[in-house]
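There are 2 protein chains.
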Amino acid sequence: MMFRRLALIGTGLIGGSLALALRERGEVGEVVGYSRRLDTRLAAERLGLIDRPADSIAEAVAGADLVFVATPVKAMDAVLGELAACLPGDALVTDGGSVKGAVVERARAHLSAGQLARFVPGHPIAGRERSGPEAATADLYRGHRVILTPIEENRAEDVARIEAMWQATGARIERLEVAHHDHVLAATSHLPHAAAYAMVSALARLAERYEVFRYAAGGFRDFTRIASSDPVMWRDICLDNRDEILVMLDHYRAELDCLRDMLESADGEKIEHYFHEAKAVRDALYPVAQANGANPVSEADETGR
Amino acid sequence: MMFRRLALIGTGLIGGSLALALRERGEVGEVVGYSRRLDTRLAAERLGLIDRPADSIAEAVAGADLVFVATPVKAMDAVLGELAACLPGDALVTDGGSVKGAVVERARAHLSAGQLARFVPGHPIAGRERSGPEAATADLYRGHRVILTPIEENRAEDVARIEAMWQATGARIERLEVAHHDHVLAATSHLPHAAAYAMVSALARLAERYEVFRYAAGGFRDFTRIASSDPVMWRDICLDNRDEILVMLDHYRAELDCLRDMLESADGEKIEHYFHEAKAVRDALYPVAQANGANPVSEADETGR
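Respectively, the protein sequence lines represent chains A and B. Quick note: the first sequence uses the working numbering, first residue 1, plus one each step. Quick note: the second sequence uses the working numbering, first residue 1, plus one each step.
Warning: the hint list may mix true and false statements.
One copy or two, it doesn't matter: identical chains are merged, so the pair holds either way.
[Claimed, not checked] Pairs of lysine to aspartate or glutamate, DMTMM-like flavour, derived with a Cα cap of 25 Å:
{"hint": "1", "residue 1": "K74", "residue 2": "E277"}
{"hint": "2", "residue 1": "K270", "residue 2": "D158"}
{"hint": "3", "residue 1": "K74", "residue 2": "E211"}
{"hint": "4", "residue 1": "K74", "residue 2": "D261"}
{"hint": "5", "residue 1": "K74", "residue 2": "E152"}
{"hint": "6", "residue 1": "K270", "residue 2": "D250"}
{"hint": "7", "residue 1": "K270", "residue 2": "E157"}
{"hint": "8", "residue 1": "K74", "residue 2": "E24"}
{"hint": "9", "residue 1": "K74", "residue 2": "D267"}
{"hint": "10", "residue 1": "K270", "residue 2": "E59"}
{"hint": "11", "residue 1": "K74", "residue 2": "E269"}
It should be emphasised that the hints constitute simulated quantities derived from the structure, not laboratory data.
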């Protein structure tokens, strides 16, 4: 058994699924859970995600040797502030936030040097359409990537323990620099979400939008699926990773300008070449994704915590 | 039986599926098919999509009272040119092209006044991952939209016959002005395809693209699915509907600029509102799409003929 007692701060899909996976593997003794909302805590207990609910972060982490912060990124500032006052001396802490730079900044602002050393930031890239305790499953992370972004303060053996913990869930662990994680996710997740919201907005502004949308078919549906993601989560991700997203937005705008020029000049050869290159890259990406054992994914995938 | 003999110009997914659907409903007597490639014609015969292959367009349409042009839009110029020389006097003609303005222009350039009057342009919005005769099915059009774009030269009863023909396949028929069709499709299909190709290209240009793509998850996969569409078809659609696509591209770029400004000024309230509005529109679109009985769709949906 890796951990004596797991404290979940946030008992929804992400936290609950980790608890189920570790329990199934016998890697955790007791699971105590705290959520801001009472009904979420009680649902988590009723569903067997946690052994008992706690009425405060302090009560949840008392006696815990592992703390998993699985709240929306926006809430982590307050959570880390409270943790600083009640974290047991031997407890390891990790999180599931979609943006690492901002989380590490908040950790540095709130945690003591000793606490910071035991905080190993992470980001499980997994999700489902539904969220909340009811959506939690023991195999949510199986075959999915979990990116750990250790900080210089971390001790190698603590990072190794968090990595082993995630390996027990069947996830594929990667390590990235904090800034590099935010750069990569801005490109593969944050930019596409922003672009999808903008696409829907562009059409919604058309005078004949109601009619236009009647003819939206599969391509449009797939393309805009991520525009159904939670607006508050994505607002927070955009604010927390603003600089990287702005850079990627500018790259994307430059591509659209370049494509617009080819179209303007009706350069069929260039357009075909451009589409051909993009298709080749995208098609090549697929077998890779399969080989990586990525589960079938949903619009809620990487919708951000 | 609606038609004595159907001539398919193009015996792939789109043409073959129409033939199967009409035959299943007993709405067509004989089906003769021509494709530029001999193996496509022979495959269509072997698969029972057509009763016999023809070695030329002239041979295919001889004695036909319905001609369905189901070739890529680019080929339609040559096809319409040949049809002008061999079209039986009583034959109705329709097509499956993704862009109607350019097709009608070519029809006007090639067909006689009498032939033009019997050409009722159309666009079935349906497709599959796979194409070619092997992919044809009798129910491809069931529950999908078929947009007819009658021209002023058409006689009401001829348009009604083409409409009844498509109704026999289980499709939901709409009528739009030619220019309006191209405007609507530029918004719901052509722009998203261009934007998806540009998104893949933007990431592919990053120095660390190989690493970036390793972290691409479900959101990115859905968002870029249509970037796997056929580059030649999409080159032709872009060229044929250039003006409308340019207008939509500018709308889209304006949205991205607007989102970029909110992000630049870190205006969380505006960003949340923007995302919220887009999500509301997109979520509302779904039940509509379901009520319309649209089949589950694929990356090849509306990839253009």
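Hints, verified against the model:
no.	hint	in the structure
1	K74 / E277	between (39 Å within a copy, 21 Å between copies)
2	K270 / D158	neither (52 Å within a copy, 41 Å between copies)
3	K74 / E211	neither (38 Å within a copy, 28 Å between copies)
4	K74 / D261	between (40 Å within a copy, 21 Å between copies)
5	K74 / E152	within (24 Å within a copy, 59 Å between copies)
6	K270 / D250	both (22 Å within a copy, 20 Å between copies)
7	K270 / E157	neither (53 Å within a copy, 44 Å between copies)
8	K74 / E24	neither (30 Å within a copy, 58 Å between copies)
9	K74 / D267	between (46 Å within a copy, 15 Å between copies)
10	K270 / E59	neither (63 Å within a copy, 37 Å between copies)
11	K74 / E269	between (47 Å within a copy, 14 Å between copies)
Hint compliance for this structure: hints 2, 3, 7, 8 and 10 are broken, all remaining hints hold.
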